[in-house]
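Enquirer: Sequence:
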Amino acid sequence: MGETIMVKAKRKKDADGRIIRLGDDRLIHDCVITPQGKIDVYTDEISGGNILEMQVSFPAGYPPVEDDTTVVIRGVEYKTKFPSWDFFPGRQPWLQLHQPRQVMIVEKVEA
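Residue numbers (our numbering): 741 to 851.
Treat the hints with caution; some may be incorrect.
[Claimed, not checked] With a straight-line cut-off of 27 Å between C-alpha atoms, the simulated BS3-like cross-links for lysine-lysine are:
| no. | residue 1 | residue 2 |
| --- | --- | --- |
| 1 | LYS848 | LYS748 |
| 2 | LYS752 | LYS848 |
| 3 | LYS753 | LYS848 |
| 4 | LYS753 | LYS821 |
| 5 | LYS848 | LYS750 |
| 6 | LYS819 | LYS752 |
| 7 | LYS748 | LYS819 |
| 8 | LYS848 | LYS819 |
| 9 | LYS753 | LYS819 |
| 10 | LYS750 | LYS819 |
| 11 | LYS752 | LYS821 |
| 12 | LYS821 | LYS750 |
[Unchecked claim] Taking CB as the label site, the calculated pair distances span:
| no. | residue 1 | residue 2 | range |
| --- | --- | --- | --- |
| 13 | LYS753 | GLY801 | 26 to 36 Å |
| 14 | ILE760 | GLU847 | 55 to 65 Å |
| 15 | LEU837 | LEU762 | 31 to 41 Å |
Note that these hints are calculated values from the structure, not bench results.
Heads up, the beta-carbon is just placed ideally off N, CA and C, and yes, glycines get one too.
With these hints in hand, go ahead and build the complete structure from the sequences.
Expert: Below, the structure written as structure tokens:
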């Protein structure tokens, strides 16, 4: 069982400066979240690891998350650095139940 993340709806300002929401916030269940970075296997050190970037994989079937969208993970806001992509369209797996997960890369929003 994975974690649940929230994808916030895009917001923009109108001519008067008021914020307009372009949709509703949505939840994505069963996500696997891992730090983005290179780990050296032969030592105990993390070389080039970056805890400000996370790789999020979530089940196929959810709508893709666009670039520059705010995502809330464990109460912390992140922006999508690389939009989600789905490996499933166009594939015909041997097992019909096998559906690869979508993957996106997010970066922590600094105040």
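Enquirer: Would you mind marking each hint as holding or not holding in the structure?
Expert: The hints, checked one at a time:
no. : hint                        : in the structure
1   : LYS848 / LYS748             : 14 Å, holds
2   : LYS752 / LYS848             : 20 Å, holds
3   : LYS753 / LYS848             : 23 Å, holds
4   : LYS753 / LYS821             : 22 Å, holds
5   : LYS848 / LYS750             : 17 Å, holds
6   : LYS819 / LYS752             : 15 Å, holds
7   : LYS748 / LYS819             : 10 Å, holds
8   : LYS848 / LYS819             : 6 Å, holds
9   : LYS753 / LYS819             : 18 Å, holds
10  : LYS750 / LYS819             : 11 Å, holds
11  : LYS752 / LYS821             : 19 Å, holds
12  : LYS821 / LYS750             : 15 Å, holds
13  : LYS753 / GLY801: 26 to 36 Å : 33 Å, holds
14  : ILE760 / GLU847: 55 to 65 Å : 25 Å, violated
15  : LEU837 / LEU762: 31 to 41 Å : 35 Å, holds
Checked against the numbered hints listed earlier, the structure breaks hint 14 alone; every other hint is satisfied.
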